[in-house]
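**Q** Here are the chains, one letter per residue:
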Amino acid sequence: MKTLIVIKEQNHAWVRNAFPGIHPLLLTLCNKPYIEYLIDFAILSRSEEIRIMSDGSLGEVEAYCMNGSRWGVELTYSNIRTTDDITTILQKNSRFCRDNRTMVINGFVFVDYDKESQYDSIINTMPDGVIASAENEGCLILRGQERNPDAAPAPSPPINLESIDSIESYYRISLDILKNKSSQFVLPGYGNEPECFIGRNVVISKSAEIEKPVSIGNNVQILSGTHIGPDAIVGSNVIIDKNSTVTESIVLDNTYIGEELDITGKTAFQNMLSDPGTQAVLSMEDPHLLRSTQNNGTLSALLRQITHAITALTIIILLMLPFLLIAPLLMVQGKWKKRLTDYHGAGDKKVISIATGTIPNQGVTGKLASIFSLNRYPLLFRVIKGDLSLIGNLPAAVSDNSSAPDQDNMTHYYRPAVFSYAEAENWPVIGSDAAIVERYYMVHSNPLKDIGMTMKALINLPHKNTPK
Amino acid sequence: MTFHIDTSTGSNIGIAVLQGRLDVTNSAALLNAFPEWLQQTTSIIFDCSGLNFLDSSGLGAFVRCLRQTLDQNGDLRLAALASNVAMIFELTKAKQLFSIHPNLQDAIDSFSS
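Listed in order, the protein sequences are those of chains A and B.
If you're matching positions, the first sequence starts at 620 in the numbering used here and goes up one per residue.
If you're matching positions, the second sequence starts at 24 in the numbering used here and goes up one per residue.
Extracted from the complex, chain A is given alone in its bound form:
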């Protein structure tokens, strides 16, 4: 018995839009890649060789499934043309099929099988042709000569097909597997109880509640106060932050769910939230609500650092004369008050000591110093040194726990800087509004934009400091 799995790009084009970056054949249903369901069914049908065929790229699938030794079958891969029909495909693969009974799974369909059933005997008694078909698209076809001519006609096959043609059908099939059919399939994860599948390296806070049926992938953090389930599928490399609820929902791999959120009846993938019922899709721009858990490349961080350093150097040169003229006068007058404080550093810099200066906005020298923000001038050298960014978050003092960056997962969005995005946008620099503004720009700014925002901060700061 051999199996041909024929899936064309047009069958699953919606997956690329809904879940960008995921190969459709590797899209997980209940934390198990779709292609594995088909391989399992082929094995239940006593297939020894399986060929996966597509008119698109199969590189990722081949890298995942390899030669099939994991399942004890021989897996091969082949490209087809978009215009090839089943007859043409069978002709082109006649050497693969030879005289063997061949099953063709055509289309991006979910095969609703039961691992306890004996499909080889069923299939061997069935006539050639389409033995099952999905409502919209996709079918199961048999070809070959292994049929036992003396056997009684087979009953209707207990094989149902369902097209996975939208987020709605994907959501419905996934939750159906979890709620009603988990015993029919081999699902990943460990669990002492039925309807509860938990992967490796899952950290669940003591105050979190897990209500089955639930499926949780690998490397998942479920923080305090969260409520997962019932009917929740949480993928791998997911972080669910404090006091959030995930019910009747699917959280796909590499997704961060923020604090105090309620995900009910939704599909969350990285920064995209979908409602299967209304087909509405929301692309979140707030990283503290929903985002990918995968880090951006370090190359962009390096480019940012270089840009900030060059801009800081430019500002140092431009403001050197005012600083050298005004700062000594302020120090002699006793108006320049310096204080050394410990602040949280970015990344692996745990604590940095920064000497901050305050200048009263009074008198000619004080007002001039405010216009040029000269109290920030010494900090520009720390930008060149790499301790601070030119623009980002205002440094959070170590002694002030309320302003400490969230160590759990937001540290890579904390960038202590000379100027803050909130200052540039003229928002109050403390409070939750400032945090939202700063997080927005942390995600959406780029080195060029940072230069513009720095200029904006330099312009806005004197207006802030001017008494009204």
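No lab work stands behind these hints, which were simulated from the structure alone.
Heads up, some of the hints might be wrong.
[Stated by the list, open to error] Calculated cross-link-like contacts (lysine to any residue; reagent style SDA-like; alpha-carbon spacing at most 25 Å): (1) Lys-825(A) x Asn-75(B); (2) Lys-861(A) x Gly-884(A); (3) Lys-627(A) x Ile-662(A); (4) Lys-954(A) x Lys-825(A); (5) Lys-118(B) x Ile-662(A); (6) Lys-116(B) x Glu-828(A).
Take the given structure of chain A and dock chain B to it, following the hints.
**A** Leaving out everything else, chain B in the frame of chain A:
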């Protein structure tokens, strides 16, 4: 962003029509304009039929406007939220804070019922 007073029900109901995006780049404009509207009436509706994107700063602006309205013993109601905009209210549980109506007329009628 436009604002006008509707007197069809016999009382002054302020209707602010929001268009396009409400995010960190323009939510401050809403916050700056709102106190003037509140001086004209404390019954205000945000007509969101033209609003196609809202982020957390926009939502924060909505909440602040609501708070200011409640301080004046009034109410701020929302009308005609698009599906994707409504999702952010569900996600953040802000749906519990606002009276949300499927269309503008329903929101206007709710002030008289």
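**Q** Confirm or reject each hint.
**A** Evaluation of the provided hints:
no. : hint                    : verdict
1   : Lys-825(A) x Asn-75(B)  : violated (40 Å)
2   : Lys-861(A) x Gly-884(A) : holds (19 Å)
3   : Lys-627(A) x Ile-662(A) : holds (22 Å)
4   : Lys-954(A) x Lys-825(A) : violated (53 Å)
5   : Lys-118(B) x Ile-662(A) : violated (49 Å)
6   : Lys-116(B) x Glu-828(A) : holds (19 Å)
This entry does not satisfy hints 1, 4, 5, going by the numbered hints stated previously.
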